[in-house]
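Novice: So you can see what is in the structure, the chains are spelled out below.
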Amino acid sequence: MTTENIDLKETLVADFKRREQAMNGEAKTPFHQTRRQALARFEELGFPTPKHEEWKYSNVRNLVKTGYGFEGKHSVSAATIEEIKIPNLSGNVLYFVNGKYEAELSTIVSPASEISIMPLREALEKQPEAINQYFGKIADGENNAFTALNTAFAGDGLFVRVPDGKVVEAPVVLYFISDARTESVGAQPRNLFVVGKNAQVQFTEAFLTLGESAAFTNAVTEMYVGRDAHVQYYKVQNDSDNVHHVGTTQVQMQDNSHFYSATASLNGGFIRNNLNIVIDGEHCDAHMFGLYFPDARQHIDNHTVADHRKPNSESNELYKGVLRGQSTGVFNGKIFVQQDAQKTNAFQSCKNVVLSPDATMNTKPQLEIWADDVKCSHGTTTGQLDDEALFYLRSRGISKPEALSLLMFAFCEDVITQIKIEPIRTYLEGIIAEKLA
Amino acid sequence: MLKINNLHASIEGKEILRGINLEVKPGEVHAIMGPNGSGKSTLASVLAGREEYEVTSGSVDFEGKNLLELAPEARAAEGIFLAFQYPVEIPGVTTINFLKTAVNEMRKYRGEGPLDAAQFLRMVREKAKLVKMNDSLLKRALNEGFSGGEKKRNEIFQMAVLEPKLAILDETDSGLDIDALRIVAEGVNTLRSPEKATIIVTHYQRLLDYIVPDYVHVLYKGRIVKSGNKELALELEEKGYDWIKEEVEGAIA
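Read top to bottom, the protein sequences are chains A and B.
Start counting the first sequence at 1; every next residue gets the next number (this note's numbering).
Start counting the second sequence at 1; every next residue gets the next number (this note's numbering).
Hint data in this document are derived by calculation from the structure and do not stem from the laboratory.
Take these hints with a grain of salt, some might be off.
[Said to hold, decoys possible] Here are the computed distance ranges between Cβ atoms for each label pair:
no., chain 1, residue 1, chain 2, residue 2, range
1, A, S113, B, M123, 51 to 61 Å
2, A, N143, B, S136, 52 to 62 Å
3, B, E112, A, H378, 47 to 57 Å
4, B, E15, A, S356, 25 to 35 Å
5, A, H378, B, P114, 35 to 45 Å
6, A, E282, B, P114, 47 to 57 Å
7, B, S174, A, N88, 43 to 53 Å
[Unchecked claim] Okay, derived cross-link-like pairs now, DSBU-like style, lysine-lysine, Cα gap no bigger than 30 Å in a straight line:
no., chain 1, residue 1, chain 2, residue 2
8, B, K226, A, K400
9, A, K51, A, K9
10, B, K230, A, K400
11, A, K435, B, K100
12, B, K108, A, K435
13, A, K420, B, K14
14, A, K400, B, K239
15, A, K56, A, K400
16, A, K351, B, K139
17, A, K400, B, K165
18, A, K435, B, K139
19, A, K420, A, K375
20, B, K196, A, K400
21, A, K400, B, K14
22, B, K108, A, K420
23, A, K400, B, K245
24, A, K400, B, K3
25, A, K351, B, K14
Note that the Cβ used here is the ideal one computed from N, Cα and C, for glycine as well.
Using the sequences and the hints given, assemble the complete structure.
Specialist: And the structure:
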């Protein structure tokens, strides 16, 4: 399937038409009309180029000249899963391989009264009202070509609804596995999480790769956090160097809700994460932690938005990066404080260590504040390793590589300790220790 | 044990040490004194292997080895310990974990296997008791949020754990009140032995009330201009450094 100089846009548009013709009644449903509109918008927008302000440092030219198989073919077995999954992370575990939901590999342990979990396609049939009310309402397909493209192909992915007042004990874990062992593959998972009033749940999205062929993942997650709800959301990326990942997580928060997230990008050829939080309630708190570890020619870009629309809420953000090889990193953190959002507290910090002279980090904090009674702070640092600390450790007999690894590990621990699921912490620590060895 | 011969060193092209000669034998305590900017701390840094300093000529022999050829970690493993004037805060690395790494790295250098966790803990607790270091500091990030006294005591504690042959205390007394000073000095004295040597770099004489030196050297403009016994330190305390400066400048003129 890999061919040089393919035009991905044309291929996808043709693919859409082919799929549409193969549909029976579905083509006439309102849901499919949404898809069709999104495709039209995608055709207008096209893939972004570096001329687009939001894509200045992240060039998708290699992504769009490759062909990918979106049919979901794969040969992943339960045994294969065992080798790559996050050890000891149990709960409601859902597997998507090359985009397709794999019921046989998946386990749902929580009772249906506590949480409904089903593939999005199934929810179109069984939960039409919820789909109608929530789907595609918050993720911005008007301006973001990738989101429009994802909406146009929406169908694979997960629907989760937590009824009001329910505390979901077992975490919800979604694995998105690219099986690129035989050919280039693509997937466009679309998730919709609706968390009711005063409910509580933990989500983890893990992106992993098998094999060395090219892979493209274009993921969108829309998440509603109801009044007084508590949500944790972890995104773990450990893809191959031949993976292009573009992902958007769009969060909408209601009064008194808590949203707590960590994004750990351990590996991947090209990663662009958009984490957009609209704080549309009072007395909310939103936390965003991030860790990225690019090496070789990898590119990792984190764009975040904390959009304060109501008074008396707080957002807090800490992203940290360790860059090696010829890698590049991007951090763009937007804080919007709308006119009504008085008494907002918004804090942002991005710290980077560049370990190689050929690695580059681009940081851009972007604060737009229209309210006058707010507390906002931001800071970014990009530097080399602290030589004084390195010398201190070496003067105690610790070899240079070991001292380096100790310091870098400590630098990352700041973010890792924020993750409240122990098996994920252990997994991250293991991989980072391996990378630093 | 240590033989420094005509040592010259500079930083960013500026010569700081201009021909240091010093011999330290096992069991001895040497005090290096001198006015600010005389090169005291530079000497300590060069011996420990700080890479910003360039040694332009001279030699340093430590137990038959050319010290200047060794990386800082190798010098440490050979038995040199520098107690820092400003111990570095390292967030995220606990003191205990740091020490365990240090001990095992040094053992590896000497071709020994790592200590098991129980052995290590027992040893560390013993040493903490010896220098009256509070156990609770062990679990905290290295020096992070420690008071000045706690940081200096942590240096002496590390020295107790790592058991160097030659300890270099770089202005360990600076910023300490008299109680903290006494505790630090007690720690150093406890660790003294006929096989080990100590170099104390200090501006003031008061630490020498508690750690009595065998020799006192005055460093001025990058050279040792006067050597004597502990009486010299008392004389300096009383008369300051000006008479030394005058003596040196007079000799040149």
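Novice: Against this structure, judge whether each hint is valid.
Specialist: Now for the hints, and whether the structure bears them out:
{"no.": "1", "hint": "S113/A to M123/B: 51 to 61 Å", "verdict": "holds, 56 Å"}
{"no.": "2", "hint": "N143/A to S136/B: 52 to 62 Å", "verdict": "holds, 54 Å"}
{"no.": "3", "hint": "E112/B to H378/A: 47 to 57 Å", "verdict": "holds, 49 Å"}
{"no.": "4", "hint": "E15/B to S356/A: 25 to 35 Å", "verdict": "holds, 33 Å"}
{"no.": "5", "hint": "H378/A to P114/B: 35 to 45 Å", "verdict": "holds, 44 Å"}
{"no.": "6", "hint": "E282/A to P114/B: 47 to 57 Å", "verdict": "holds, 55 Å"}
{"no.": "7", "hint": "S174/B to N88/A: 43 to 53 Å", "verdict": "holds, 50 Å"}
{"no.": "8", "hint": "K226/B to K400/A", "verdict": "violated, 38 Å"}
{"no.": "9", "hint": "K51/A to K9/A", "verdict": "holds, 18 Å"}
{"no.": "10", "hint": "K230/B to K400/A", "verdict": "violated, 39 Å"}
{"no.": "11", "hint": "K435/A to K100/B", "verdict": "holds, 21 Å"}
{"no.": "12", "hint": "K108/B to K435/A", "verdict": "holds, 22 Å"}
{"no.": "13", "hint": "K420/A to K14/B", "verdict": "violated, 52 Å"}
{"no.": "14", "hint": "K400/A to K239/B", "verdict": "violated, 45 Å"}
{"no.": "15", "hint": "K56/A to K400/A", "verdict": "violated, 37 Å"}
{"no.": "16", "hint": "K351/A to K139/B", "verdict": "holds, 25 Å"}
{"no.": "17", "hint": "K400/A to K165/B", "verdict": "holds, 22 Å"}
{"no.": "18", "hint": "K435/A to K139/B", "verdict": "holds, 26 Å"}
{"no.": "19", "hint": "K420/A to K375/A", "verdict": "holds, 27 Å"}
{"no.": "20", "hint": "K196/B to K400/A", "verdict": "holds, 27 Å"}
{"no.": "21", "hint": "K400/A to K14/B", "verdict": "holds, 27 Å"}
{"no.": "22", "hint": "K108/B to K420/A", "verdict": "violated, 36 Å"}
{"no.": "23", "hint": "K400/A to K245/B", "verdict": "violated, 41 Å"}
{"no.": "24", "hint": "K400/A to K3/B", "verdict": "holds, 27 Å"}
{"no.": "25", "hint": "K351/A to K14/B", "verdict": "violated, 34 Å"}
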